[in-house]
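Assemble chains B, C and D onto chain A, guided by the hints.
Protein chains in written order, with the numbering used here: chain A, 1 to 168; chain B, 1 to 524; chain C, 1 to 100; chain D, 1 to 484.
These aren't lab readings, by the way, just hints derived from the structure by calculation. C-beta atoms are modelled at their ideal positions from N, C-alpha and C, and glycine is treated no differently. Be aware that a few hints might be false.
Below, computed lysine to aspartate or glutamate pairings styled on EDC-like, alpha-carbon distance capped at 20 angstroms [claimed, not checked]:
no. : chain 1 : residue 1 : chain 2 : residue 2
1   : A       : LYS165    : D       : ASP150
2   : D       : LYS367    : B       : GLU29
3   : A       : LYS165    : D       : GLU28
4   : D       : LYS434    : B       : ASP158
5   : B       : LYS108    : D       : GLU436
Which chain A residues stay away from chain D? Per the calculated CB distances, all over 12 angstroms, these [to be verified]:
no. : residue
6   : ALA23
7   : GLU147
8   : ILE148
9   : VAL151
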Amino acid sequence: MTLAIFFVFAAFAVLGGIGVLLARNPIHSALSLVGTMVSLAGIYLLHHAEFIFAIQLMVYAGAIMTLIVFVIMLLDVRHEEAETERLGFAKVFGMVLAGLMVVVLLVPLAAGLTGKPGGMTEEVLARVGSVEFLSEKLFTTYLLPFEIASVLLLVGLVGAVALAKKRL
Amino acid sequence: MSHFPYLSTITFLPLLGALVLLLIPRKSEGGIRAWTLAVTAITFVISLALWVRFDPAQGGMQFVERKAWIESLGISYYVGIDGISLWLVLLTTFLSVICVLSSWGITKQVKEYMLFFLLLETGMLGALISLDLVLFYIFWEAMLIPMYFLIGVWGGTDRIYAAIKFFIYTMVGSLLMLVAILALYYLNIRAGNAPTFDLLKLYELNLAPNVQFWMFAAFCLAFAIKVPMWPLHTWLPDAHTQAPTAGSVILAGVLLKMGTYGFLRFAMPLFPNAVEAWAPFMMVVAVIGIIYGALVAMVQDDVKKLVAYSSVSHLGFVMLGLFALNMQGVQGGLYQSLNHGISTGALFLLVGVIYERRHTRAIADFGGLAKAMPNYAVVFLIITMSSIGLPGLNGFVGEFLIMLGAFLTSKTAAVFAATGVILAAGYMLWMVKRVFFGPLDKEENQGLADLTGLEWGYLIPMVVMAFWMGIYPGTFLRKTDATLELWLERFEAKKEACRSLESPGALAWLQDGLNLVFPGSHAD
Amino acid sequence: MIPFEYSMGLSAVLFGLGVVGVLVRRNVIVLLMCVELMLNAVNLAFVTVADHLNSVEGLLYVFFVMTVAAAEAAVGLAIVVCLYRARRAVHADEISLLKG
Amino acid sequence: MTFSMADMRLLTPHLVITAAALLVLLAEAVSPGRRKGYLPYLGIAGIVVAAFTTPGLFGPARSGFSGMLAGDAFAAFVYFILYAVGALTLLVSDAYLRDEGRDHAEYYALVLLALVGMMLMAGATHLMSVFLALETMSIAIYALAGFFRDERSAEASFKYFILGAFSSGFLLYGIALLYGACGTTEIQGILDAFASNRALAGSPMALAGVGLVTVGFAFKVAAVPFHMWTPDAYQGAPTSVTAFMATGVKAAAFAAVLRVFFVAFQTLHVDWSGVLWVLALLTMTLGNLTAIAQTDVKRMLAYSSIAHAGYILVGVVAGTPEAGAGILYYLLAYAFMNIGAFACLIMVGRKGHENTELDAFAGLGFKFPALGLAMSLFMFSMAGIPPTAGFIGKFLIFKAAVHQGYYWLTIFGVLNSAASVYYYLRVIVTMYFKPEPDTPVVEGLRAGPSMALATILAGLGVLYFGIVPGGLVDLAEQALRYLV
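Here chain A stands alone, though its shape is the one from the complex:
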C-alpha cells in the first residue's frame, strides 16, 4: 500500500520536474515545481519525517514558491524562449552530461547503505516524539550550524536589501 502511494507521488514528482523543464511560460514552470514539492512532501511523510513534511509545505511550497511567483508577476515575465538555438551543441552536451550524472548516481545504489545506524530508532521516537528529538539535537549537538544559519539569514536579508531596494 505504502509502495503504491510512493509510486503515485514519485510519478507526480517526476512529471512536475519535467514540467519545470519543458514549460515555455515561467508561471507554468513554477506551478509544476509546486507539484513536485508537494509530492515530495508526501514522500517525506512516508519516510517518517513529519516535521520535514510540514516545513516542506510551509517553507518551500509556501514561502519560496510564493516569492518566485510574486517576482514573475512583478516583472511580468512572459517572453518565451526563441525557437532557434533550442538544440545547440551546448544543450545536447548538457543533456548528455546530466544523463551520465544520473547513471553515476544510480549505480552506487545497488551496493546499499553502509553507514553506521544512528540513535533515532522507533522506540526513542515513540518515547520523546520526533519533533522533540529533532529540536533537542538541533540545540545541542548541532548548535553551531544553527548559529551559522542565523548569520546566513542576516546575509540574505542585507543582500536582498542592498540589491533590490529602490533608493539606498
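Same frame as chain A, now just chains B, C and D:
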C-alpha cells in the same frame, strides 16, 4: 668567520646605493650619475681587497659567510668564493664602473636607468658568490628583472620583442633547473642526510648515473640557454642588438659568463658521470656553435650583430674547453670567459661610440673612418686583435689553452675548432677593413670627432686589461690553479664513486621517464 | 518502509532533471527554479538515508538546506530584479551560462 | 552535550566580526547627515579586535561545539590570511565606492559577514558547518558582485549566483552519499569510517560521494572544467569585490578542501589524487593559455586566478602536510599580490570608466612612478619571480610535489609558470616600454590615502614574505602538523 664580510658588502652596496638613489631628485641628473659612479667605484675598490687577500694556495672556499635563513628547509645565506668565482666577481665590479661611464650620455629616465643598473650589479654578484642553491636561484632570477628593463626601456627599435624573448628563454630554462634543484634536495634527504640546499654538502652526495643523467639535463638546459650554446642562442643576437651599449657590455661581459660559471660550479661537479656521458655531445654542439657563429657573423651587415654572433662563436670555445675535462681545457675555458668579457665588452663599447655619433651601425654606412678618427681606429684594431687571439693579447692565451685541452681529448674537435679561429680572423678583419680603411667617401663621416676624454676614460682600462691578460696571464691563472686542481680531483673521485652505484640498463632512462609520470602513492 | 533504492532513484532522476534545466534553459527565473529542483532532490536523498539509518543528521540537513534555499531565493530574486532594472531590452530575461 | 564557555572562546573572533557588521549597519542608520567615511574603518577595527581574540595559533588542537568547530593552528593561520584579505579589501573599497557613489553600509557589512562565512569554512570540522559557512560566504558575495546594480554587475552577480547554487547542489548530493556510506558527515567521523572499514574505500557510493564533493569544490575554486563562470563574474563585479572573491573565497575554499581531502579522505588519496592530477594540469594550462589571449587586464587577472588555482591544486595532489603548508603560504602570498594588483586597477579607473584595457596602461610607468613600481612588483610576484612572496609560494608547492615524485606535474607547473610570465610582463611592457598615447586615457589616479596605504601594505607583504619567509613557513608547517 670573524673577518670583515667583504662579499656581502660588495653585493649589497649597490642595492643600498640604489635605495639612496631613490631619494635623489629626478631633476639632478648629474648627481644621479655621479652617485652611481661613486657606488660602483667603491664597490670595485672593495672588491680589489678580495684579490689581495685571496689565498692562491687554497683550493676551497674563502671569505665564507653563513647565516641560517629558512632553517626548517635547510636554506641558508651561505656565500664564498674560490678561484673560479674570484675573477668573475672582479670582472663584474670592474665592468660595472666602465658601464656607468659609458652610460653617461643616457638622457632618458636617468634615475630609473641607474637604479636598474645598480640592482643588476647586486643580482650578478649575488649569483656569483652564492653557495646555497636556493640563494643562487633567487639571485639568478632576480638578475633578469633589471636586465629586462634595461633592454626594454632603453633599447633599440625592436626592444620589446628582444626583451620578452630574453626573459622567457631564460625563465624556461631556469624553472626546469628549479625542479632539478628540488629533486636533488630530496634525493639528498632520501640518502639519509639532513635537509639542505648547501652546495658543498650536495657535492658529496653520490647519485646513480642514470639519475644524474636527468638532473644534468635540466641544469644543462638552464645554463646552455644562458651561455648561449647553439641551437639555444637565438635570443642573444636580438638582445645584444637591441640593448643599450652598457646593457650589451654587461650582457656579454657578465651575464653570459653566468652560464659557463653555472656549468663549472653546479652542473659539472654535481653530476660528473652525466657530464662524462654528455661530453661528446656537448663538444659536438660546441664546435657547431663555433663554426656556425663565425659563419653567420661573416654575413652580417650590422657591426653590433656581427659582434653578437662572434660571441656565440667565442662561447663555443669556452664550452669546448670545459668539456675537454682536463686542466688545460677547463682553465682555458675559465680564462677565455674573462677574456671574452674584456674584448667583447670593449667591442660593444666601441660600437656604442660610433653609434652615438652616427646613429647607424650598418657597415655599409662607414668606410675610411681611420682618417677621420685615427685614435678610435687604433683602439678598435687593438681590441679586434685581442678578440681574434693575436699572441701578446689576452685572447691568445685562452684559445691556446682550450685548443691544447681539446686536442688532448679529441683531435677532431680541436681541428674543427681551429677553423673557427681562422674564420674569426676573417670576419673581424674584413669588418675592420670595410669600416676603417678605403676611401672616406661618405659625407656624414668626414666631420666625425675622435675619442672624447670620457671615452678614453673607459676604453683605456679595457685596453690595459687586454694587454695585461695577454702578456702576463700568470697574475690571473695563479689564483685559479689550486681551485681547478681540486675541482678536477673531486670530479674524478666522485665519478669513480658513483659509477658502481647502479648500472643503467639499455633502456633504463626511458623506464625512469615513464615512472615519473604517475608515481602513485609511493611516498618515502 | 519504502525501499532505499526507490527513493534514492527518484532523487537521482529529479537531480538530473534539475541539472539538465540549468544547462539548457535560459530564462533566469526558470534557472532559479531548476536549482530549487536540485536542492529538493538532495533533500529527498537526505531524508531517505536518515530514515534507513535511523539517524537524525539527515533531517537536520534538510532543515538547513531549506534555510539556505530561502536565503538564496531571496538574494537570487533580488539579483533578477536588479538585472531587469538594468536592462530593458528584448530577451532581457535570458542569460547564456555556457559562454566564455 | 551542551556548550560551554570554552566553545564560545573558539567562536569569539567570528562573533566580534559579526558584531562589527551589525554595528556598521546600525551606525549608518543612526549617524547624522551623510558622513559615513568612517564605516570601513569601523570594520577594520572589528577585524583587528578579532585578530587579537583569535585563539589557537600555537599549541595543540582544540575543538568545540560537539566537534563542529576547530580551534587549531590551521584554522588560526587561515583566519589571519582572511583578516589580511578583509582589511585590505575594506581599505581598497573606501575611496572606490565613494567615487562610484555606492558607499553604503550594506557593502561593508556584507564584506564582514562574508568574512565570517569564510572563517567558519576554515574552522568547520563537520560537513554541515562547512556547507552552511560556504553558503553564508557565497550569498554575501553574490550580493556584493551585483552591488553596483548596473547591467554588467548584475549579470556577473547572476552568473555567479546560478553556478554557485548549481555547484552547491553537487556538493550537497556528494555529502548525502557520504552520509549514506559512512553514517556521519563529521570530518573525523568520515576518516574513522574509512579507516575502520577497508571495504568502504571501494564502495561505489563513497566514491561517488567523493567525486561529487570534488566537483562542488572545483566549482568554488574555479578549476577547469568548472571555471566558466569565473571570467564574466570577475570582470563584471566591482573591482574591489573581484579582489575579495579571488583571494578570500579561494583561501576559504582551499582551507575547506585541505580539511576535507587531507583529513576526511586521507585514506583515499590513491583514488582522488589521479583525478586532481588531471584537474590541476588542465586548470593551470587552460587558465594560462586563455589569459595570454586577453587584452583587458581585469579579465586577464580573472583567467590568471584560474591558473593560480591550478598551482595550488598541484599541492593538493601531493597530499602531504608539507604540501598543505605550501598551499597556506601560497594563499597568503596570493592575497597580498592579487589585492595589490586590483588596487592598482581601481586607481587607473574613474567613475563609470574602469580603464582596464591593456592599452590604457601605456606609458603609465613613468607618468605615475609609484603606481608603476607597485604594479610591476605584483606582476613579478604573480609570475613567481624572486625575491617575492609569489616565488616562495610556488617554490614550497613544487617542492612538496617533487617530494612525492610528481615530477611531470611539477614540470608542467613550471612550464606553465614560464608561459604566464608572458602576459604578466605584457602589463609591465605596456606601462614602461610603450609611449603614452596623445590623448591620455588615464589623466589622474583615483588614489586616496586609504588606497595608497592598502597598496603599500600589500607591496610590503609581497616583499617581506618573499625575502624573510622563514618564520611564516614554520608557522604554516606547524598549522598542518595539527591538522593531519
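- Hint by hint, work out which the structure violates, then give me just those numbers in ascending order. Of the numbered hints given earlier, those the structure breaks are 7, 8, 9, listed in rising order.
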